[in-house]
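Chain residues, written in single-letter form:
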Amino acid sequence: MAEEVGVLNFLRMLQMTLMNLSCHAFRSLLAALGVVLGVGAVVAMMAISEGGRRESIARIRAMGIDNIVIRSVKPTQEGQSETSSSQGNVNIYGIKAKDTIHMLTTFENIGKIVPVRDMQQRLFANGRRTGIRMMATVPEFLSITFSQQADSRGRWLTDLDEVRCNPICVLGVDAARTIFGIRDPLGQTISVGGGSFKVVGLLRNQRGAKLAGQYDLNNLVYIPFATGNAVFGDLLPVEGSMRERVGVDYDFLYIKVDDVNYLPDTVKRLRNYLDTTRDTRDFEVQVPYELLLQEEATQRVFSIVMGSIAAISLLVGGIGIMNIMLANIFERTREIGTRRALGARKRDILFQFLLESTILTALGGGVGLTLGILIARLVEHFAHMNTAITMPSVVVSLAVSIFTGVIFGTYPAWKAANLDPIEALRHE
Amino acid sequence: MALLSFNNVFKVYREGDHPVYAVRGVNFTISSGEFVAVMGASGSGKSTILNILGLLDRPTTGTYKLEDIDVSSLDDDEMSEIRCRRIGIVFQSFNLFAQFSVVENVCTPMRYAHVPPAIMRARAEELLGKLGMSHRLSHRPTQLSGGERQRVAIARALSNDPPLILADEPTGNLDEKTGEEVIRILTTLVEGGRTVVMVTHNPAYEEIVDRVIRLHDGEIVEDRPGGRGGRRA
Ligand SMILES: Nc1ncnc2c1ncn2[C@@H]1O[C@H](COP(=O)(O)OP(=O)(O)O)[C@@H](O)[C@H]1O
Ligand SMILES: [Mg+2]
Numbered sequence: 001m002a003e004e005v006g007v008l009n010f011l012r013m014l015q016m017t018l019m020n021l022s023c024h025a026f027r028s029l030l031a032a033l034g035v036v037l038g039v040g041a042v043v044a045m046m047a048i049s050e051g052g053r054r055e056s057i058a059r060i061r062a063m064g065i066d067n068i069v070i071r072s073v074k075p076t077q078e079g080q081s082e083t084s085s086s087q088g089n090v091n092i093y094g095i096k097a098k099d100t101i102h103m104l105t106t107f108e109n110i111g112k113i114v115p116v117r118d119m120q121q122r123l124f125a126n127g128r129r130t131g132i133r134m135m136a137t138v139p140e141f142l143s144i145t146f147s148q149q150a151d152s153r154g155r156w157l158t159d160l161d162e163v164r165c166n167p168i169c170v171l172g173v174d175a176a177r178t179i180f181g182i183r184d185p186l187g188q189t190i191s192v193g194g195g196s197f198k199v200v201g202l203l204r205n206q207r208g209a210k211l212a213g214q215y216d217l218n219n220l221v222y223i224p225f226a227t228g229n230a231v232f233g234d235l236l237p238v239e240g241s242m243r244e245r246v247g248v249d250y251d252f253l254y255i256k257v258d259d260v261n262y263l264p265d266t267v268k269r270l271r272n273y274l275d276t277t278r279d280t281r282d283f284e285v286q287v288p289y290e291l292l293l294q295e296e297a298t299q300r301v302f303s304i305v306m307g308s309i310a311a312i313s314l315l316v317g318g319i320g321i322m323n324i325m326l327a328n329i330f331e332r333t334r335e336i337g338t339r340r341a342l343g344a345r346k347r348d349i350l351f352q353f354l355l356e357s358t359i360l361t362a363l364g365g366g367v368g369l370t371l372g373i374l375i376a377r378l379v380e381h382f383a384h385m386n387t388a389i390t391m392p393s394v395v396v397s398l399a400v401s402i403f404t405g406v407i408f409g410t411y412p413a414w415k416a417a418n419l420d421p422i423e424a425l426r427h428e
Numbered sequence: 001m002a003l004l005s006f007n008n009v010f011k012v013y014r015e016g017d018h019p020v021y022a023v024r025g026v027n028f029t030i031s032s033g034e035f036v037a038v039m040g041a042s043g044s045g046k047s048t049i050l051n052i053l054g055l056l057d058r059p060t061t062g063t064y065k066l067e068d069i070d071v072s073s074l075d076d077d078e079m080s081e082i083r084c085r086r087i088g089i090v091f092q093s094f095n096l097f098a099q100f101s102v103v104e105n106v107c108t109p110m111r112y113a114h115v116p117p118a119i120m121r122a123r124a125e126e127l128l129g130k131l132g133m134s135h136r137l138s139h140r141p142t143q144l145s146g147g148e149r150q151r152v153a154i155a156r157a158l159s160n161d162p163p164l165i166l167a168d169e170p171t172g173n174l175d176e177k178t179g180e181e182v183i184r185i186l187t188t189l190v191e192g193g194r195t196v197v198m199v200t201h202n203p204a205y206e207e208i209v210d211r212v213i214r215l216h217d218g219e220i221v222e223d224r225p226g227g228r229g230g231r232r233a
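In order, the protein sequence lines correspond to chains A and B.
So for the first sequence, my numbering puts the first residue at 1; every next one is plus one.
So for the second sequence, my numbering puts the first residue at 1; every next one is plus one.
Possibly wrong hints are sitting among the right ones.
[Claimed, not checked] Output of the computed footprint for chain A on chain B, the stretches with three or more beta carbons under 8 angstroms from beta carbons of chain A:
#, segment
1, 46 to 60
2, 75 to 83
3, 95 to 101
4, 112 to 126
[What the hints assert, rightly or not] What follows is a list of derived Cβ distance ranges for each label pair:
#, chain 1, residue 1, chain 2, residue 2, range
5, A, Phe351, B, Glu176, 37 to 45 angstroms
6, B, Thr63, A, Phe351, 29 to 37 angstroms
7, B, Asn173, A, Leu315, 43 to 51 angstroms
8, B, Leu74, A, Phe351, 36 to 44 angstroms
9, A, Asn323, B, Val221, 32 to 40 angstroms
Hint data in this document are derived by calculation from the structure and do not stem from the laboratory.
Glycine included, each C-beta is placed from N, C-alpha and C at the ideal position.
Please build the complete structure, drawing on both the sequences and the hints.
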C-alpha cells in the first residue's frame with residue numbers, strides 16, 4: 001500500500017515536473033539542445049561505425065577466420081618476369097601450381113587449398129560494361145567463403161563440372177540482378193570473351209563480403225576452374241591494352257589450416273617460403289585473423305575518440321542544463337519559499353529540481369537518440385553505408401543523458417533547497 | 001488550553017555594524033480556538049513574529065513553544081514537518097502556483113504530507129466546495145479574481161487540517177468587500193475550533209476578533225480582548 005502510494009505520488013510528481021517544464025517549453029528545449037545534439041551525434045556516429053565494423057567483420061569472416069588468403073600481385077615495373085614475344089608483352093607472375101603442391105606436401109597444417117583465377121573479363125549488361133568480373137574456381141569455394149546458394153532450384157559448381165569442363169556458371173545475386181533484372185536468370189546463357197555459359201545457380205553472401213577483401217562476392221560470376229583454363233587458356237588479355245597479356249595460374253588462394261592454434265606459425269612459415277622462393281614480390285598474404293585483430297584495435301581507438309566527443313558534448317550540454325536550472329530557480333524563488341512555508345523539506349525541493357533537470361536531459365537524450373537514428377538512416381539511404389543501432393548504444397546514451405541531468409542538476413537543486421524560506425518569500 | 005507561547009522573544013538582525021531589533025522581549029500565550037489580530041505600524045515587527053510563529057524563522061533569544069514543544073530543539077526537517085501538518089499559512093499576495101490548477105495548488109501541502117492521491121483530490125475538492133470554489137477546480141490562478149485566489153490559498157492552508165492558521169495581511173491586496181468575505185471565512189475557521197493569528201491594518205477587524213495584540217518598535221504596547229471577546233468565556 002505504502003509502495004503504491006509512493007509510485008502514484010512519483011507519477012504525479014513526474015506530471016507536475018512536465019507541467020513545470022512545459023511552462024518554458026522553448027527555453028527548456030534550448031537548454032536541452034546541447035544534450036540533444038551530443039547524444040544525436042554520438043548515436044549516429046556509433047551506428048555508422050558499428051555498421052562499418054560489422055561490414056568489415058563480415059568481410060573478414062567471408063575470408064574465413066581459419067584461412068590464409070594469398071593474392072597474386074603484379075610486380076612493380078622492374079619485374080623481371082616480363083618477357084617480350086611477337087604477340088606483345090606477357091606478364092607472368094604470381095603463385096604457381098608448383099607452389100601449391102609444395103604447400104600441400106610440406107606444410108602439415110595446410111589441409112585444403114581453394115584456387116581462384118580472375119578471367120580478366122568485365123561483363124556486359126544491356127550493351128554496357130559493368131563492374132561484374134568472372135572468376136574460375138572449384139566447388140570448395142562455396143563453403144570456404146561461407147557463401148550460400150540463393151535459389152533452391154539452382155546448384156553450385158560440382159566436381160563433375162571440373163572433370164568435364166562444363167560451360168556453366170553461377171551468378172552472384174547482385175550480378176544476376178544487373179544482368180537479368182527481374183527476369184529469371186536460371187537456364188539463361190551469358191556470353192563472355194567468346195565463350196558461352198549456362199547459368200545453373202545463384203550465390204549469395206553477406207552484404208559487404210568480398211573475395212580476398214577485393215571483389216564483392218555477390219557481384220561476381222563463377223565458372224569451374226577447369227572450364228576457365230579450357231575456354232580462355234593460360235594467357236589472358238589485359239583490359240584496356242592490346243599488346244599486354246598476363247599469365248597467372250592462381251589469382252587467389254584460400255588456404256584452410258587444420259589447426260587454428262598453429263595458424264600464426266603456419267603464416268610465418270608460409271611467408272618465409274614465398275619470400276625465399278621467388279625473385280620478385282608478386283604475392284600478398286592476407287590473414288583474416290590478423291585483420292580481425294587490427295579491426296578490433298582500430299575499433300578501440302575509435303571508441304576512445306567517440307567517448308571523448310561524447311564526454312565533451314555532454315559536458316557542454318550539462319553546463320547548458322545547469323545554466324537553465326539556475327535561471328529557473330532564480331525565477332521561481334518565491335515558489336520555493338512558498339513550498340517551504342507549506343511544509344516542503346529541503347530534500348523535497350532538492351528532489352523536485354533534480355527531477356526537473358533529469359527529465360530535461362532524459363527527454364533531450366530521447367530526442368537526441370531519435371535524431372541519431374534518423375541521421376543513421378539517412379546516411380544508410382543516401383551514402384549507401386551500412387549502419388547499425390545497437391542496444392548498448394541506446395541504453396548507454398539514455399543512461400548518460402540521465403546521469404548528466406543528475407550531475408549538473410545537483411548544484412542548482414542544492415542551491416534551491418538551501419534558500420532561506422523568508423528571503424525566498426520576500427523575493428521580487 | 002495554551003496552544004503556543006512566546007517567552008521573552010527577541011529577534012535581532014545585523015544591518016552592517018549595528019543591530020536591528022525587530023522584536024524585543026515579546027511575551028504572550030495564545031489558546032486553542034483564539035482569533036488574534038496582530039496590529040501595528042509598518043516595521044513594528046508583525047511579520048517577524050508571524051514568521052517565527054510559522055516556524056519559518058527562529059527567535060534570536062527567548063523561547064517559542066508550540067503544542068508544548070520548544071521550537072529551538074527542532075531541526076530543519078522537523079520544522080518542515082510541523083509547518084506541513086500543524087500550521088497553515090495564508091499570504092497577502094496569495095502565492096499560488098501559476099502553472100498549476102486550483103486543485104493542484106490545494107493538493108501541494110498534502111503531497112508533502114504523503115497523503116494518498118485519491119484521498120488528496122477528494123479532500124481538495126471538498127475544501128474548495130466549502131469555500132464556494134467548486135466551479136473553479138481546474139482553472140489556473142491567473143483566471144481568478146483576488147478574492148477567489150485568497151479562498152484557494154485558504155483551502156490550501158487548510159488541506160492538512162492544521163490547528164493553527166497564520167495570515168499576514170490576508171486582505172491587504174483585496175478590496176473592502178472581498179476582504180470582509182475572507183475575514184468571514186477565517187471566522188468560520190475559528191468557530192470550527194481552529195486558532196487564527198492574523199496580521200492586519202484594518203481597525204474594523206478589531207471588532208470581530210477575540211484579541212488584539214498591538215506592536216510598536218518590536219514591543220507589545222497593547223494586548224486586549226477584541227469585539228468577539230465577549231462571546232468567549
Ligand atoms: N532580514 C532582515 N534584515 C534586516 N532587518 C530586517 C529584516 N527583516 C525585517 N527587518 C527589520 O525588522 C523590522 C520589523 O520588520 P517586519 O517584521 O517585517 O515589520 P512589519 O511586518 O510589522 O512591517 C523592520 O525594521 C525591518 O526593517
Ligand atoms: Mg509585514
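- List of violated hint numbers, smallest to largest: Hint check: 8 and 9 fail, others pass.
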